[in-house]
Amino acid sequence: MSEPDRAAEILAFLRRRLNGEYEVDEFGYDPELTDKVLLELLRPIYHHWFRVETVGVKNVPEDGGALVVANHSGTLPVDALMTQVALHDEAGRALRLLGADLVYQLPVLGHLSRKSGHTLACREDADRMLRKGELVGVFPEGYKGLGKPYADRYKLQRFGRGGFVASAIRAGVPIVPTAIVGAEEIYPKLGDMKTLARALGLPYLPITPLFPWLGPLGLLPLPSKWMIGFGEPIRTDEYEPGAADDPMLVFNLTDHVREVIQQMLNELRLRRGHAFV
Amino acid sequence: MTRTVLVTGVSRHIGARVASVLATDPDISRVIGVDTVPPSSPPLPSLTRDGGGSLGRTEFVRVDLRSPDIAQVIAAADIDTVVHMSLVSAPSRSTGRALMKEHNVIGTMQLLGACQRSATVRRVVVRSTTAVYGSSPKDPAVFDEDVEPHDGPGHGYAKDAAEVEGYVRGFARRRPDVTVSMLRFANFMGPGVDSPVTRYFAQPVLPTVFGFDPRLQFIHEDDAVEVLRRMATEDHPGTYNVAGAGVLLLSQCVRRAGRFSLPLPSPAFRVLGEMARSAGLVEFSPEQLRLMSHGRAVDPAKLAAELGWKPKFTTAAAFDDFLHSRGLGAVLT
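Here the protein sequences line up with chains A and B, keeping their order. Sequential numbering of the first sequence, starting at 1, is according to our numbering. Sequential numbering of the second sequence, starting at 1001, is according to our numbering.
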């Protein structure tokens, strides 16, 4: 693109933004802001800091509703951001994550989360997004995975009650098992300041090699090498929508998804080799 | 069949428009409008656009809804359709919150009591509000009619509306032969609307809550009138969300209005809201403050499916029409 074209495009972008003439969906997702600003800030980290490599992107459906289910780790949800970049730039799909309610109570963070396409983890929102044909993402381990000690790295935690499986069955959409390798090493959690965390209303407050010793500098993530693998979709459309209320079926399918992801994690971790090379 | 319609809250803008549009319907023989104040006061200059303010052949009866007089009106005129619009959303400066609550809740009880005793009433249409869903970070992003909100409304207009809805549901159970339609409207928007929300956007600088950018939804007054007209003339029992398609973020509204926002930390916003209220500038109730933090969106699909019709104005188009009528708009063109 020639220089004047580029300048004109930037001007048009700024005018649209300043005049409020852009679209957000009913969840508050602002695709333009996400692509042009938020993801743009993450892309250097994605490519140069974590050197993310993806495997099996072809397993992500090109269109229509699907549920990406991934492992969660790293103390702060950096893995969610990197998976969003991977799916946006390599699969051409906007990832709509279901997040903890803590996020939506916080100023700035809650609304940035909505603008980048995410919403609260609740049945109504999950069902609505899947019905609309969105690519929805969940981390069923939640805080148990995100805040686990470094010694437990790459050991999948419990998967809750399998609400995500029930949502997938109700919508009849495939589940894409996803393994993220590399996030475990960014903030190795060696200890937990439990009392202080409770006082601040946080699920945990980690002690890492750099935090809290280096203050804000301790928030710098270690430059681990990342790999994100997308597995073969697990179909749910052969079940009746009513099957979502069958706890046995939901538990079995949840266990199956969990085993597949654990296996993918083990393979991908071997393939990656050393964490920081 | 000749029909007689009673419209409450007829002295305010939307109520007046609904009454006058029903008065032009050849199938309706009489439209009786009631309110606590006569329709001419206060005369809003914007009310006269496309004759919205004139009641046409509506017969006006001054009735305090809190008194049993309404029963006499219903009995004397053989009313068959009741359109209950008389829900006040903000306490007036002179009379305060207690009177507003009496007007909303006791007024509705009197009206429903009269309807229950009436042998002629066949259809009841009640105006409610999407505020009954509250506004909370723990609730789904988009409400449909069956969602039970996490933090239901605890005070003010929204609580009144929730109580009114409770009485309406009770009435519908006791009189299954009467068609009851309950309409949960998003904020009205349009050239003639004068509400806390439109007054907010008319200010030169708009205080916002720092770190929050709520999703807002509007329904254009023309569409609101059309929905009420259809509900008053056809049978559509049930509860419906009424909102223009899509949402606008508050930041988008501010930019479209060509205004500047003044982000304040939420305690300061609350204090400023109280000050503005006592100074008689904009009336910001606690639930509106919550709306300004967490926002709210509803799904109007059920209404569209039932009526086979969609509001002509999206949320954004309704807001733009309001801005245009007030001579507001973006700085850069």
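No wet-lab data here; the hints were simulated from the structure. Some hints here could point you the wrong way.
Said to hold, decoys possible - Simulated coverage check for chain B against chain A, where a stretch passes if three residues somewhere in it have a Cβ under 8 angstroms from a Cβ of chain A:
hint : stretch
1    : 1132-1141
2    : 1210-1222
3    : 1248-1259
Don't be surprised by glycine CBs; every beta carbon is placed ideally from N, CA and C.
Per-stretch coverage check for the stretch 1210-1222 of chain B, three Cβ contacts closer than 8 angstroms to chain A:
holds (count 5)
With a Cβ-Cβ cutoff of 8 angstroms, does the stretch 1132-1141 of chain B contain at least three residues near chain A?
As far as the stretch 1132-1141 of chain B goes, the hint holds, because 5 residues have Cβ atoms under 8 angstroms from chain A.
Check of the stretch 1248-1259 of chain B against chain A for coverage (Cβ-Cβ below 8 angstroms, three residues minimum):
holds (count 8)
Checked against the numbered hints listed earlier, the structure breaks none of them; every hint is satisfied.
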